Amino acid sequence: MPKIGASLVLGLFLGGVGFLPGGAAAASALPVDFSGVWVASARSGDALKPDKLHMTERGKAALAAFDPRHHDSTRFCMPYGTPRNTLSTAPYPVEIVQRPERLTMIFDRLGDVRRVFLDGRPRPNPLWPTWLGHSLGHWEGKALVIETVAMTKESILADNGLPHSEDMRVTERLSLASRDGAQWLIDDITITDPALYEAPIKVTQRFRRADGAEMSEGSVSCLLDQWRQDLERRNQTLAGEVGAEKNGAPP
Amino acid sequence: MTHGALARTAALLLGLGLLIAASVAVAAAPPDLTGVWMPTAIGPDGNRNRTWPAKPPLLPAVQADYDAYRVLAAANPEDFDSARSCLPYIMPRPMLVVAQYPLEIVQTDGRVTMIFELHNDVRRIYLDGRTPPSGLRPTWMGYSVGHWEGDALVVRTTSVRDGTIDQPHGPSMVLTERLRLIKDKDANTMLEDEITVDDLATYAQPFTVRNFFRQRPGVEIGEYFCSEDLWQQNLSGNATKIPWRN
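Protein sequence lines, in the order shown, are assigned to chains S and E. Here the first sequence is numbered in my numbering, starting from 1 and rising by one per residue. Here the second sequence is numbered in my numbering, starting from 1001 and rising by one per residue.
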């Protein structure tokens, strides 16, 4: 009898504990909290210019066949896809919502929502290509390392139509930096796709913290051009305000 | 008292103590709504739930427009199919969907974020005590602030765009939601959203509607893109007019 009583008590106790983390994931449990609204900063010496890349014959042929009127998904209010959503420097914010088991990136774009699983789960098998790909992350000190695979070849890497295959692997290293009192999110991105590129493409993307930036509403902005242009102007103004003049150059 | 009885009493007392401790913990920390939730038309009692009144208390002028719409929509259903435009739903409609498109809730410090598979709509509910900024432009999701009242998340939403003809509302609408974890008759956890629509410019009095969601652990939100068909037709070489781009 006491034994049954004790396990009942333990069960009740654990039931109570289950509620303890309760309301929200405590940010203090995270090695780094990237939560917030960020706006990408322009890159100098863009690594995504075709003449700076060593493309294979197959890669060159795919790029030559690119016709923006038919092969740029965003013209059809389809998503950017990963990693184009993360690489783009257009002035639309990305919001990061972080819990211990997952980091979510909500791009102010065409339904681009990236889910990065941090709970140690394996990749599903089979894994079909999608626009956002499948992202797993783990911590290396104060950096979050994200590995993304299974991205549809219908997406491109940049507005210029740089192609990728469905074997592409994207490795990112997310970290925080501050400079002149401003907070920056640094994303060191390595794109490995030997079928189309002879060497991995390395790009560092920098985002300024811009918690005042206004998020629009996903695909709405594609559908309502006027809304989009207005928002673009406002966010560009905001990016300028929190950017160079106030907070110095990117780290 | 025998040894056994002593042990039982001790276990009971310990149990009571822990139970109280656990209840205090429950009272102190609000529930975590994080997870994937699938709407269901079947309420916790097993009966069909109506998510919108059959006869909402429309003011006479609005009622006349609504009646005219019903006649037109019956004759030209395609023209009144809001999904054709690929535009998102307008609150409170996203919360009242019963079609099998899941909703993901991500709860963090000071925030509850809702990501809908349908249209990739995102609702941001601020729990950090802020008041809505002034001069907001009306949006599809509106501006939502919330707080916990016991185990209920109470959310107040304003600055919603004008409603559609089949679910009309105006700029002064205030939505008050009570989101709670409840148990159905089989003791399964459900999420209940009780929404009070207060828009006296459209409705004679406030009214309350409900929707229910079932937990779907292990389910991930799929990629829903409204213009996928159009994109695929384009890729397969069938030149198609993009309806919203000339």
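If you're looking for bench data, these hints aren't it; they were derived computationally from the structure. If you're wondering where the values come from, they're calculated on a predicted model, not measured in any experiment. Where hints are given, some of them may not hold.
Some residues of chain S that are not near chain E, with every Cβ distance over 10 angstroms (derived) [what the hints assert, rightly or not]:
(1) Arg-43
(2) Arg-58
(3) His-71
(4) Arg-102
(5) Ser-165
(6) Ser-178
(7) Pro-200
Where chain S lies over chain E, by a calculated footprint (3+ residues, C-beta under 8 angstroms) [claimed, not checked]:
(8) 1112-1126
(9) 1164-1177
Quick reminder that beta carbons are idealized off the backbone N, C-alpha and C, glycines included.
These are the hints, each one checked on the structure:
Every CB of chain E lies more than 10 angstroms from the CB of Arg-43 (chain S), the least distance being 27 angstroms, so the non-interface label holds. The beta carbon of Arg-58 (chain S) sits about 19 angstroms from the closest Cβ of chain E, which is more than 10 angstroms, so the claim that it is off the interface holds. Distance check on His-71 (chain S): its Cβ comes as close as 8 angstroms (rounded) to a Cβ of chain E, failing to clear the 10 angstroms threshold; non-interface status is violated. With a closest Cβ-Cβ approach of about 8 angstroms to chain E, Arg-102 (chain S) is found to fall inside the 10 angstroms limit, against its non-interface label.
Residue placement check: Ser-165 (chain S) keeps its beta carbon more than 10 angstroms from all beta carbons of chain E (closest about 16 angstroms). Look at Ser-178 (chain S): its CB is around 21 angstroms from the nearest CB on chain E, clear of 10 angstroms, so calling it non-interface holds up. The Cβ of Pro-200 (chain S) lies farther than 10 angstroms from every Cβ of chain E, with a closest approach of about 27 angstroms, so its non-interface assignment holds. Look at the segment 1112-1126 of chain E against chain S: 7 of its residues bring a Cβ nearer than 8 angstroms to a Cβ of that chain, three or more, so the hint holds.
For the segment 1164-1177 of chain E, the assignment as covered by chain S is violated, since 0 residues bring a beta-carbon within under 8 angstroms of that chain's beta-carbons and 3 are needed.
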